[in-house]
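Sequence lines, in order, name chains H and A. Taking the UniProt record's numbering as reference, the numbering of the first sequence is continuous, increasing by one, and the terminal residue is 832. Taking the UniProt record's numbering as reference, the numbering of the second sequence is continuous, increasing by one, and the terminal residue is 171.
These aren't lab readings, by the way, just hints derived from the structure by calculation. Any given hint could turn out to be false.
[Said to hold, decoys possible] The following label-pair restraints were derived from C-beta to C-beta distances:
1) A:Leu22 to H:Val418: 51 to 57 Å
2) H:Val46 to A:Glu150: 37 to 43 Å
3) H:Ile357 to A:Leu22: 15 to 21 Å
4) A:Gly129 to H:Ile590: 56 to 62 Å
5) H:Lys275 to A:Leu22: 42 to 48 Å
Because the structure is a prediction, the values reported are computed rather than measured. Where is the CB? At the ideal position from N, CA and C, for every residue including glycine.
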Amino acid sequence: MSELPPTTSVRRWLVTTNHKDIGILYMITALFFLLFGGVLALLIRVQLWDPANQVLSGLAYNEAVTAHGLIMVFWFLSPFGFGFANYFVPLQIGADDLAFPRLNALSYWMYLLSGVLLGISFFQGGTLSAGWTMYAPLNVPMYTPSIGSTGAVLALAMFVIGITASTVNFLTSIHHSRAEGMGIMDMPMFTWSMLATVWMMLFAFAALLAVGLILASDRVLGSVYFSATEGGSLLWGHLFWFFGHPEVYIVFFPALGVMLELFQTFSGRRLVGRKWVIIAICLISVQSFLVWMHHMFLTTINLEIKTLMMATTIGISLPFDLVVFSLIYTLMKGRIQFTTPFLFAFGALLLFIVGGITGVFLGAIVLDYEFRGTYWVVAHFHYVMFGGATALFGGAYYWFPKMTGKMYDEFLGKVHFVVFFIGFNAVYASMFIGWETPRRVFEYNPEFQIFHQIGTIGAFLLGFSFFIMFYNFLKSFVSGPDAGENPWDYSRTAEWAIPSPPPIENWPNRPSYASGKLEFVKDYVPDGGPAVKADENGNAATDGGDSHADHIREYAHWDKHPSHASIWPFALSFATLIMFLGLSGFNDSISIGAADSLATTPVTISNPIYPVLTVIGLLGLVYSGVKWGFEDFYAPPAEFAERWPFNGVEKVKLGMWFFLASDVIVFGAFISAAVFIRYNAGWQEWSPLTESLPGLINTFVLLTSSFTVILALVAAHRKSRKGLLASLGATIGLGLTFLAIKMWEWHHEIYDVGVTISENSHGDPVQASIYYVTTGLHGVHVVGGLLIAGFLFYRAYHGAYLEDERPVEYFGLYWHFVDIVWVFLFPLFYLF
Amino acid sequence: MHVHAYEKIWLVFAILLILLLLGSVTYGAVGPGVAMVADSEDQINANALDEDDRFAEPRVERVGENHYEAYVVAFQFGFQPDPIVVPENSTVTFQVTSRDVIHGFEVVGTNANTMVVPGEVSELTVEVGEPQEYGILCNEYCGAGHHVMEGKLHVVPEEEFEETNEGGESA
């Protein structure tokens with residue numbers, strides 16, 4: 001643990017794990033990517049100025065469109081919302097920080113550095129040019145051969161890894177650290193929106209992670225999933241859109257949360273039908289997973305399924321109607337203050353209504369035939385996604401005084417809104433008018449030129465409007481008037497009850513809503529013992545509240561100061577960047593010749609840079625991971641907190657369950673992919689590639705190792721160091737045995753039978769790819785598990801876990817999960 | 001629970017809208033004029049189109065009284081046959097497939113619009129009217145030459161079709 005340097009030091013921003021610092025880093029980085037994506041957008045608009053313009057070549061135009069889409073959706077919209085979430089969700093629920101501060105820093109650095117990787121991809125022979133949907137098989141190296149294309153795919157995978165960590169973190173925080181008395185229905189609306197967002201992300205981004213890993217494997221390792229003619233192309237569509245539709249709401253909900261918050265503050269009125277809005281938000285979250293095929297109406301999916309998807313798609317507009325009406329009623333019943341934040345929130349509502357209604361047309365299959373492939377679609381989703389994001393700029397003005405302690409310039413803010421709103425509608429409304437222009441080519445019918453020229457002018461206006469905002473914020477940050485704790489008349493959430501900017505540990509004393517309103521209570525801390533909850537009079541209560549006996553141990557370090565700084569999240573992410581950068585060109589730098597055993601295989605390295613980067617990155621990853629594990633970092637759990645519906649589940653355990661839930665989806669996607677492709681190839685056409693005996697032995701080995709993990713837990717519980725070491729050692733031994741048999745099996749397949757990841761002497765090549773990639777992913781999980789087991793073994797050797805066996809228990813959860821996955825893989829690849 | 005009158009009106013309106021759109025699909029599916037893209041049959045091997053008796057030689061062929069089938073292959077960067085020639089006032093069923101990546105197939109200015117997925121055959125049936133020339137457009141990114149990928153659909157008088165398409169009736 002190291003001390004946190006002051007804000008003026010560069011080191012502070014590299015090591016900080018404080019949620020407010022990271023929130024600010026997120027926002028600034030997201031605004032940078034807004035400029036990056038915005039410049040690409042302007043290039044597109046310049047190209048469209050003239051029906052036959054050729055400022056960019058065909059390929060460069062496709063690259064610009066692809067990168068614009070990817071950057072705006074992944075590197076701007078979501079992270080900008082997450083900046084606010086980082087800063088204000090812990091404040092709104094009365095927590096000291098997020099549940100896992102170092103993991104939060106890791107998410108941020110993964111996000112920033114994955115963006116750097118995407119930036120580098122432009123200089124690796126051109127970035128990806130397959131559109132942001134990256135449809136297969138255009139996304140495989142046969143059609144997009146540049147190293148930069150692989151770099152862009154890996155950048156996306158890296159981004160998703162970071163996002164998954166963030167999702168687990170927010171879910172654990174919101175379900176584990178709400179201040180005493182804050183029930184789940186009492187949470188502020190922004191926090192509610194974020195909770196729905198992260199629940200959707202847990203499942204949606206897991207699907208994207210799976211599809212990204214498969215694509216990365218196709219591009220780096222040479223598997224042939226997406227070029228397979230046995231449904232490889234449709235497989236991409238299903239997996240991508242299973243993620244892709246919930247993603248629309250994932251992007252919009254943070255903005256909706258800001259909108260709900262701002263409408264309440266600036267109408268001075270509680271949200272009308274608050275409970276119903278929350279129910280609607282939950283409904284939308286669930287329904288968002290049932291509509292994805294409306295993106296595939298023009299493929300050959302059968303009509304009955306398409307009609308069903310049409311009904312669910314149009315049905316999803318109903319809960320949205322409810323939310324919109326609630327917002328309008330709130331305004332009608334309140335007294336509106338037209339401040340800059342309110343103008344942006346209100347503008348967002350107007351734009352979103354236009355976007356929502358025009359989307360209903362696209363949801364109808366018959367009309368979709370007419371509209372698909374035109375600028376109607378482009379205008380629609382910009383009104384929804386960018387229109388929704390308008391509220392986030394409102395959020396930036398709304399919370400600027402809290403984050404900086406200074407007031408922004410109201411006049412400049414209003415000018416920004418007016419220029420923004422005019423520019424926005426000039427770009428996208430002109431697209432509705434000239435909707436018949438085909439959306440994916442830059443040559444169009446000259447009769448639409450006037451609309452595109454208005455659009456281009458509007459785009460520059462829109463871009464310019466952000467410089468007014470940057471100027472406003474910079475000027476106000478340097479010389480603005482002091483804002484005080486709370487510059488708004490009717491703001492009611494907890495962040496406005498503390499100084500601006502808030503101190504590092506947020507609260508003067510423990511925040512509590514037990515009496516029905518926010519109070520800061522001083523807990524009584526007896527000498528050498530756990531904290532005891534105070535009653536209203538400040539006297540120590542003896543009942544202990546939510547704390548129960550087996551939690552006492554975690555308060556044993558009650559006098560220890562919480563940590564706020566660690567360099568390892570940055571180091572780990574940087575190592576990942578180096579490794580992924582190496583992997584992007586790995587395939588092009590190494591060629592592997594034919595041979596009859598691994599030892600005699602000739603390997604030719606044509607360009608040492610990429611393989612060397614890969615190895616350095618991998619070593620760095622292991623090194624920083626180990627240092628992370630040994631670092632003495634103290635993040636105290638909330639002692640008295642509302643935890644519904646996870647009462648009594650310890651923090652790390654809850655996080656582990658959330659992580660495993662997302663991993664279930666990852667493996668589920670891999671197994672679905674295997675089943676989908678096999679179904680398309682003809683189920684009976686395939687028989688297992690390998691002998692079933694090694695698989696059977698491995699099944700026994702893994703199940704036995706699950707048993708030894710339980711023995712380890714029992715030994716730790718009985719404080720037997722020898723027993724613990726013996727059972728952990730046995731687990732590691734069994735895991736290594738599993739890997740050895742696996743390696744023997746692969747070696748046998750590759751060199752004796754002639755089945756490699758891209759070739760199959762017995763049948764469809766994709767069958768071999770599925771076998772290697774799916775069992776390989778499982779193997780990676782086993783290796784990861786063994787690394788953790790080795791770490792536990794080392795610590796146990798030095799006497800750890802006898803007082804507190806929970807780390808052994810949580811490792812056990814993971815290890816059982818890996819075993820259960822194998823129970824599914826064994827019949828799929830060895831029996832049938 | 002009290003529900004505001006405006007809200008009731010809106011609920012009724014929204015439900016009607018859903019019923020109307022569902023009805024439009026049902027009508028479109030059974031009624032004339034609008035045909036849905038459908039899965040005509042099992043998968044096709046996109047790497048071996050020259051072994052398929054429809055797509056080895058992309059062509060227009062007569063299959064019934066005033067009913068024609070057009071077998072079209074989309075590729076980087078064009079369509080085969082080019083132009084697609086069909087007779088006036090007839091029913092034409094397009095069967096479209098791709099031999100490389102995903103393409104689009106849209107007869108510009110009409111609602112004949114489908115994605116062309118390698119390994120799948122998209123089938124759509126249209127009624128053509130008076131002689132006219134239509135452009136055909138690819139609606140999906142398909143590579144560096146995407147913006148130049150186009151085709152033509154010529155609707156010609158009956159006699160002219162017979163001339164340009166001799167032997168087209170062979171089974």
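Cross-check of the supplied hints:
{"no.": "1", "hint": "A:Leu22 to H:Val418: 51 to 57 Å", "in the structure": "42 Å, violated"}
{"no.": "2", "hint": "H:Val46 to A:Glu150: 37 to 43 Å", "in the structure": "24 Å, violated"}
{"no.": "3", "hint": "H:Ile357 to A:Leu22: 15 to 21 Å", "in the structure": "18 Å, holds"}
{"no.": "4", "hint": "A:Gly129 to H:Ile590: 56 to 62 Å", "in the structure": "59 Å, holds"}
{"no.": "5", "hint": "H:Lys275 to A:Leu22: 42 to 48 Å", "in the structure": "30 Å, violated"}
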